[in-house]
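Protein chains in written order, with this note's numbering: chain A, 1 to 483; chain B, 1 to 483.
Simulated from the structure, these hints should not be mistaken for lab results.
Some hints could be false.
Copies of the same chain are indistinguishable here, so a pair counts whether it falls within one copy or spans any two.
Stated by the list, open to error - DSSO-like, lysine-lysine: derived pairs with alpha carbons at most 27 Å apart:
#1 K386 to K148
#2 K113 to K148
#3 K477 to K164
#4 K113 to K477
#5 K250 to K309
Quantities reported herein were computed from a predicted structural model and do not represent experimental measurements.
There are 2 protein chains.
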Amino acid sequence: MSTPILYRQLADHYLSAIQAGTLACGERMPSVRKLMQLHHISLSTALQMCRYLEAQGWLEARPRSGYFVRQPRRMNLAPAAEPRPVKRIDPAQFVGIHERVSAIIAQGQRQVKVNLARATGAPELYPHQQLRQLTSSILRQHPYLLTKAISPGGNRELRAALAKRALDVGISTRADEVVITHGCIEALNLALRAVAHAGDVIAVESPTFYGLLQVLESLGMKALEIPTSPHTGISIEALELAMQTYDNIKAVVVVPHLQNPLGSIMPDTHKQRLVSLCEAQHIPLIEDDSYSALCNADNIPTACKHWDKSGNVIYCASLHKIMAPGLRIGWMLAGRWQARVDMFKYAQTRYNEELSQKVAAAFLQSTHYDRHLRRLRVTLRQQREKMAEAIARYFPEGTRFSMPDGGVSIWVEMPAYCSSQAVFDAALEQGILISPGLLYSNSNRFDHFLRINCGTHYSEELDAAMRNLGLIVAHQKPRKAVA
Amino acid sequence: MSTPILYRQLADHYLSAIQAGTLACGERMPSVRKLMQLHHISLSTALQMCRYLEAQGWLEARPRSGYFVRQPRRMNLAPAAEPRPVKRIDPAQFVGIHERVSAIIAQGQRQVKVNLARATGAPELYPHQQLRQLTSSILRQHPYLLTKAISPGGNRELRAALAKRALDVGISTRADEVVITHGCIEALNLALRAVAHAGDVIAVESPTFYGLLQVLESLGMKALEIPTSPHTGISIEALELAMQTYDNIKAVVVVPHLQNPLGSIMPDTHKQRLVSLCEAQHIPLIEDDSYSALCNADNIPTACKHWDKSGNVIYCASLHKIMAPGLRIGWMLAGRWQARVDMFKYAQTRYNEELSQKVAAAFLQSTHYDRHLRRLRVTLRQQREKMAEAIARYFPEGTRFSMPDGGVSIWVEMPAYCSSQAVFDAALEQGILISPGLLYSNSNRFDHFLRINCGTHYSEELDAAMRNLGLIVAHQKPRKAVA
Numbered sequence: 001m002s003t004p005i006l007y008r009q010l011a012d013h014y015l016s017a018i019q020a021g022t023l024a025c026g027e028r029m030p031s032v033r034k035l036m037q038l039h040h041i042s043l044s045t046a047l048q049m050c051r052y053l054e055a056q057g058w059l060e061a062r063p064r065s066g067y068f069v070r071q072p073r074r075m076n077l078a079p080a081a082e083p084r085p086v087k088r089i090d091p092a093q094f095v096g097i098h099e100r101v102s103a104i105i106a107q108g109q110r111q112v113k114v115n116l117a118r119a120t121g122a123p124e125l126y127p128h129q130q131l132r133q134l135t136s137s138i139l140r141q142h143p144y145l146l147t148k149a150i151s152p153g154g155n156r157e158l159r160a161a162l163a164k165r166a167l168d169v170g171i172s173t174r175a176d177e178v179v180i181t182h183g184c185i186e187a188l189n190l191a192l193r194a195v196a197h198a199g200d201v202i203a204v205e206s207p208t209f210y211g212l213l214q215v216l217e218s219l220g221m222k223a224l225e226i227p228t229s230p231h232t233g234i235s236i237e238a239l240e241l242a243m244q245t246y247d248n249i250k251a252v253v254v255v256p257h258l259q260n261p262l263g264s265i266m267p268d269t270h271k272q273r274l275v276s277l278c279e280a281q282h283i284p285l286i287e288d289d290s291y292s293a294l295c296n297a298d299n300i301p302t303a304c305k306h307w308d309k310s311g312n313v314i315y316c317a318s319l320h321k322i323m324a325p326g327l328r329i330g331w332m333l334a335g336r337w338q339a340r341v342d343m344f345k346y347a348q349t350r351y352n353e354e355l356s357q358k359v360a361a362a363f364l365q366s367t368h369y370d371r372h373l374r375r376l377r378v379t380l381r382q383q384r385e386k387m388a389e390a391i392a393r394y395f396p397e398g399t400r401f402s403m404p405d406g407g408v409s410i411w412v413e414m415p416a417y418c419s420s421q422a423v424f425d426a427a428l429e430q431g432i433l434i435s436p437g438l439l440y441s442n443s444n445r446f447d448h449f450l451r452i453n454c455g456t457h458y459s460e461e462l463d464a465a466m467r468n469l470g471l472i473v474a475h476q477k478p479r480k481a482v483a
Numbered sequence: 001m002s003t004p005i006l007y008r009q010l011a012d013h014y015l016s017a018i019q020a021g022t023l024a025c026g027e028r029m030p031s032v033r034k035l036m037q038l039h040h041i042s043l044s045t046a047l048q049m050c051r052y053l054e055a056q057g058w059l060e061a062r063p064r065s066g067y068f069v070r071q072p073r074r075m076n077l078a079p080a081a082e083p084r085p086v087k088r089i090d091p092a093q094f095v096g097i098h099e100r101v102s103a104i105i106a107q108g109q110r111q112v113k114v115n116l117a118r119a120t121g122a123p124e125l126y127p128h129q130q131l132r133q134l135t136s137s138i139l140r141q142h143p144y145l146l147t148k149a150i151s152p153g154g155n156r157e158l159r160a161a162l163a164k165r166a167l168d169v170g171i172s173t174r175a176d177e178v179v180i181t182h183g184c185i186e187a188l189n190l191a192l193r194a195v196a197h198a199g200d201v202i203a204v205e206s207p208t209f210y211g212l213l214q215v216l217e218s219l220g221m222k223a224l225e226i227p228t229s230p231h232t233g234i235s236i237e238a239l240e241l242a243m244q245t246y247d248n249i250k251a252v253v254v255v256p257h258l259q260n261p262l263g264s265i266m267p268d269t270h271k272q273r274l275v276s277l278c279e280a281q282h283i284p285l286i287e288d289d290s291y292s293a294l295c296n297a298d299n300i301p302t303a304c305k306h307w308d309k310s311g312n313v314i315y316c317a318s319l320h321k322i323m324a325p326g327l328r329i330g331w332m333l334a335g336r337w338q339a340r341v342d343m344f345k346y347a348q349t350r351y352n353e354e355l356s357q358k359v360a361a362a363f364l365q366s367t368h369y370d371r372h373l374r375r376l377r378v379t380l381r382q383q384r385e386k387m388a389e390a391i392a393r394y395f396p397e398g399t400r401f402s403m404p405d406g407g408v409s410i411w412v413e414m415p416a417y418c419s420s421q422a423v424f425d426a427a428l429e430q431g432i433l434i435s436p437g438l439l440y441s442n443s444n445r446f447d448h449f450l451r452i453n454c455g456t457h458y459s460e461e462l463d464a465a466m467r468n469l470g471l472i473v474a475h476q477k478p479r480k481a482v483a
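Put together the whole structure using the sequences plus the hints.
Right, dumping it as structure tokens:
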């Protein structure tokens, strides 16, 4: 059992050197014999390491010459395109996004062998053992926890722990301003209900997470899709234009960090401009910041809420992507809508169960949390690299994507004639579940995109699935002339 | 430790005989000496037993003659009044019920020694130990439960267990029709959102649970309060009149069994008429059946949904009043609105956490559940008797109430000049939290009522609190001439 770990450690060591440029593209790797001497390893370990890096695209074997450093294939792919400049902004009509999503979800319930549709990491990437231990120990300390009526307002310790964590993204707040919700999705619901009514227009990023489009549909609100860059997030210019064109925009919703599905991260200057623009226009800004702890750098980016001086920004976040997908704990800071949000939360679902709140609080307060996050970031980075390489290796010419600077997924643009629905159907036939681009807009603009999860350990099974998926995409035929 | 249990067992034995008429009112109890011989008990146990029954109002000590059977004082109180016949029905205006409720809840956060405001039993009345054990054992069986993304649709076993339990109230349904919610309050939200919009009128019982009034307020719907009998529930005649008067009634919401706060139970004939009326008028009927398992008789009453042939009845219920107040598990059967409810549930809060669903399912499937319910019903009955006796003993002349045939509370009418807000304030000064009648209507019609919780073991502390509460009520002064 120790050999695989050793070859992996060495592979990471050489990968760092390659990425840092210490070993440049085209240079020769130390020979297998040299590696054995240098690291006191067996022949098989040395070979394992080299083959592993070769499989990932970082080394190339030349007969009788040894291994040479190369650029991974994904470097040859074009980066994701910027959205086209906007001339006119139209609020998308109600097109029944929920039915699309439900149909996809219902189909995904059966025969899935490889799930690439998730928006979280695999269960083993999260601190399952510690959370289990905390659950047992909290139940021992509070024997009546499951049979005691829940006290109003959400668990005090959790609210305090989250207020403290908000400092990491530059927000200074108090525990009693933290509203605990059933996932970030409830936070978004409450935020939207607090600031807008049925019939109102809400500006959103395009593409955006289908969950948000469903929330808007279920509340009878209209999504106005604003072009969004895969690198810098929502286009402030397009948003300004939209605000000039429509006088019934009642909120703007953004995911500033690791936007779902794009993976973009807004530069600080953009975030500042966005906060000022919304404040000047008296339009509330709703910020969904569920992913920022998964950014590559250990410096977590600064939330829009940081620049909010008037309570115009509603901050929403959750723990299920970063700490425990099985706990449905979201939270929010509702700014000047705090009283309305408190009322809606109480009238809608009362308070979350005490046990999971206590477990989350205990874990957040421990030193395990930061350690877990550091480990999670490293693992996800490695898995994204491997998935990117697989896409580059197996997908047909014309495929494009930009490597996100963190997170659990990659947003892939297939050749324009591909249909994500057709790819979805064909993949499901083989037990592979993907998240088709058509879910990410009320328009069909992203029908040739896929969101691919990178939260799972790159196994042979996963490699086979990626190869099959690549074949499926490659077999798509142009349906009509593309403009 | 064995003596207190012994005297209680004996007291229950003699209480049964008194309630059955075997020992009639005015008859002499066996002497203390006789009791000692009969039951092989000590003098102190015999005396303890007699004093206990005396304290509850069932025995009277006459100097040098011994103990005599008597009617408890509560038998002398007038029963709760029927609502006045209705001439005109007016939808109540938005009066900010949430602000009232929030103020009351916020005040109740501090300095409470005795909580009479609850709508559940005390934590020790529920199967805390078994639920804890199930939690641990489920976490052992499913080590990744807390870190695994929740699978769509709600836990299969829990839905099956609840579908099976629905048979008890005469409903035949399938597991996949059961929607699991965050408490009954979310079920009511989803039901109302599925059938009505902001601005619509919803017919409700009067008085009704403030939670429902808050839901309506938060959704921008108007409550039309229909007079409701403390014995037979909502007045079908008044409801018919309302339907003739208003053409924008979009739903009727009732709690047919152990109505909150009245405690009334609708006769089967009324339920049948109600179901037919709503169907004939094409108005959805929403049934909140959270309490029926707490009815005295072991024959749980039949739900309105039983008579529903067209899917016009939405059935809502929960486990937190009957099984585990700390688990926020509600559920519903949405009839012909199933697809809409599924959509709203998914878009609003996704699915409940897997762990508590699995725990609830395991407990429901076990034989412990029925045993727990039987025990809970007996305990609550005894506690209601004691609280009723305390009200009769300590509250001033003019107090009225009807003993409910189950449940966790008693709805008490104080003399008409009393203000439940004033009583609330004065009681809170002494660390006693009550639930004031003004919360149970958008009007001030029930300002001289209190809902008193009977879910707690009748201790000396509770007796002292009831005495103090009685004094507070007795000290209320008529504020104005009462019509």
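Verification of the supplied hints:
no., hint, verdict
1, K386 to K148, "between (48 Å within a copy, 22 Å between copies)"
2, K113 to K148, "between (41 Å within a copy, 16 Å between copies)"
3, K477 to K164, "neither (53 Å within a copy, 50 Å between copies)"
4, K113 to K477, "within (26 Å within a copy, 74 Å between copies)"
5, K250 to K309, "within (19 Å within a copy, 43 Å between copies)"
Comparing the model with each earlier hint shows a violation of hint 3 alone; every other hint is respected.
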